[in-house]
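Once you have looked at the hints, place chains L and Z on chain G.
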Amino acid sequence: MKKEVLANFPYTDLTVVAFVIFLGLFLSVIYWLFLRKGSAKFYEEAQLSSLSEGEKL
Amino acid sequence: MSNEASLNLESFSYNDAIVRKFVYATMLWGVVALLLGVTIAFQLASWKVNLGIPWLTFGRLRPLHTNAAIFAFVGNLIFGAIYYSTQRLLKTRIFSDLLGNIHFWMWQLIIVSAAISLPLGYTTGKEYAELEWPIDIAITVCWVIFAVNFFGMFHKRREKHIYVAIWFYIATILTVAVLHIVNSLELPVSLMKSYSLYAGVQDALIQWWYGHNAVAFFLTTPFLGLMYYFVPKAVNRPVYSYRLSIIHFWSLVFMYIWAGPHHLLYSSLPEWVQTVGMVFSVALWMPSWGGMINGLLTMRGAWDRVRREAVLKFMAIGLTFYGMSTFEGPLLAIKSVNNLAHFTDWVVGHVHSGTIGFNYMMVSAVLYFLVPKLWKTKLYSEGLATFQFWTATIGLVLYITSMWTAGITQSLMWRAIDGNGNLVYPNFIETVIKIVPMYWVRASGGTLVLTGFIVMVYNLLKTIQTAPKEAFVEDVYQAPSLASLKSTEEHSEGFHRKLEGLPAIFAVLALIAILVGSMVEILPSFLSDKFIAKNALVKPYSPLELTGRDLYIKEGCYTCHSQMIRPMADEKLRYGNVSSSAEHIYDHPFQWGSRRIGPDLLRVGGKYSNMWHYRHMYNPREVTKGSIMPVFTWLFKNKIDYNSLRKKMKVMKALGVPYTDSELENSVSDAKAQASKIMKDLNETGNVSMKQENKEIIALIAYLQRLGTDMGGKK
Amino acid sequence: MKALYFLIPVASCLALVFLGLFIWANKNNQYDDLDTPANRMLLDDELLVVKNNIDIDKNKDKNIKQQKEKK
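Protein chains in written order, with the numbering used here: chain G, 1 to 57; chain L, 1001 to 1715; chain Z, 2001 to 2071.
The following block holds chain G by itself, in its conformation from the complex:
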């Protein structure tokens, strides 16, 4: 059945759509993690959060 599906696959642009989605997600994640203002500080604190005993409250 795989052969039948592969033999006639009419949506040839689908691969490009997948590519755009993949790249979009990848770049978005990079932006979200590294390029937003304040994200460096946020992750520094998050990294150390397990070490605190709730003093920040």
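Among these hints, one or two may not hold up.
Claimed, not checked - The calculated EDC-like cross-link candidates involving lysine to aspartate or glutamate, where the alpha carbons are at most 20 Å apart (straight line), are:
#, chain 1, residue 1, chain 2, residue 2
1, L, LYS1233, Z, GLU2046
2, Z, LYS2002, L, ASP1136
3, L, LYS1233, Z, ASP2044
4, L, LYS1233, Z, ASP2035
Don't read these hints as lab results, they were simulated from the structure.
Chains L and Z only, in chain G's frame:
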């Protein structure tokens, strides 16, 4: 237990001058290799970038890019890094400073001769082994010098244990020597032209046994060795599991050699050989990941430093991409996956996830580690290094994903058959036009990778500028000699210690000599007529067709066009009958190709008129709208070289092609007669001037019109 | 498939060479102690006898200053 007084403390120093040389060379050739890569990437996106200049066409530059990337860029780095780490692991200086310098300068000379000869069209037509025979000999000599300089260290070493990294270097040196010599066996026709000793299916098997093992033992094992040295050093922690590293090494080395046939799945290679290649390729996934795990876990406890130090960033991502590529590889080696992926850009994507993802990243890591150490200073800018990290990573992701997309798209379009049993996309050009946007993406990804590299070179050169004068004074180390460390020796140990001296070096030389000698002796008998399962239908190429074939190889047509029809329904519809092993028996070298940027040409003979080919070579877009093929206008100006024709046929005869003596005698007149027939046809059907009769294009047309007509094609 | 008559012996020879090296390694006690080597390779600088008295941190700043003054 020796007591302190009897320890023979020896003073010694390391030769780091040679390492510094190789570091400079790596930086220089890295820029060249990547620049070439970006150039050919843009040439595929836009044919105009070929500039209509013979020395700059894709077919001539692509081999220059692969050779530069593998031998000039990666090669120089592994020589330098192996010298650096081996000296320190064995606690001894390289065997000979003089040999080190000869090694260095000879290697650069080899690279320059490649840079000159390949664009001029002096090529053997075999991938990653395009360099002609004089350069092949130079490579062998240079490699032997390297081997002597390396193995010579064992006798003088002050460390009994041979660390795992060194085992990887040993495997590299021994195996590359065998691979290079075996695959490069060729009979010279003239100073810069030779024919492969092997033909057809035999040549294909030997070529890809070489080709895949070049990846294994030039692009992988040296880097795994470097990983086992530089990663622990960079994080100042021991390897995660030394036991695992030993298992990793031995299993990798035993399995890699057998994986070669995965390049020849669904070809005319016997079924069982294909299966062996597939099985070993899949099994190879395990030792590869063992190595990756070992490398990554060595960095445990130092992950916070990965964020702050360039060296560790590049090591982490390098090892991760190594893991990805060594998972993708075994997948691609499975027959049903290979069915889809072979000849497509997916393979190109896989190659670069390994070469950029692993090699480029590790080269960068090692350079960032070595340069501050060698010049006794600190890295000029961690920020710039981080910039390179991100440009290289994003560039790499663009490269890989665009190639996955292009590969799968073109493969689905090639195999699409409608309900009536006809091809949905009967015109190959439709599949090309569809993926050109992906070529633009790949080219921009590559540009990012190159940009990052240039930034690194700038960073490192600025670092070197801050080097103090004392950096060039060699540090002196002290360690007890090996002999003084031993108390009572077993007899067998003493014997081995003696063996590790000069005798070992001579053993290496002898091994190589024996190999070369036996090849020359054994092979002709194996490959002679008696053993060929001949098919009476298959005839040797005529003199003019042979000339045309050499032009096909010279212009690098095989870099875009394949000549291997696989036993699949869509390929039968599009190209004709399946390739049989018999029809390639006179092909020295084989030209199956490994890509279909353009259509397969195995049975192109008789499909198009002479005039179609004439116009197609002059300007492909005249007959195929949207074509990305470069123009080949010089073929219409250059005259056929009839002088070398007789010599060429003599060599072919020596290689086993059954030319008769009268055919040799009349070779030039036969060629001219055939050329005259084609000329007449061109003149009558297309009004082409009779003055073109002795131009190279006629010979090329003769060759193309012959292809596939012996068995199952039109005449 | 004549190339196999040649390739299989060559590959087997290569495999035998490595098998030989593996047996030698075991006989030569290379694998008796699998813990020390991983640590020892980190300790190179302990062998250093003549240090050329370079303070890398201080030196980098000094040299950059020198470069600037030269211009």
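Item to complete: Tell me, in ascending order, the numbers of any earlier hints that this structure violates.
Response: Number 2 only.
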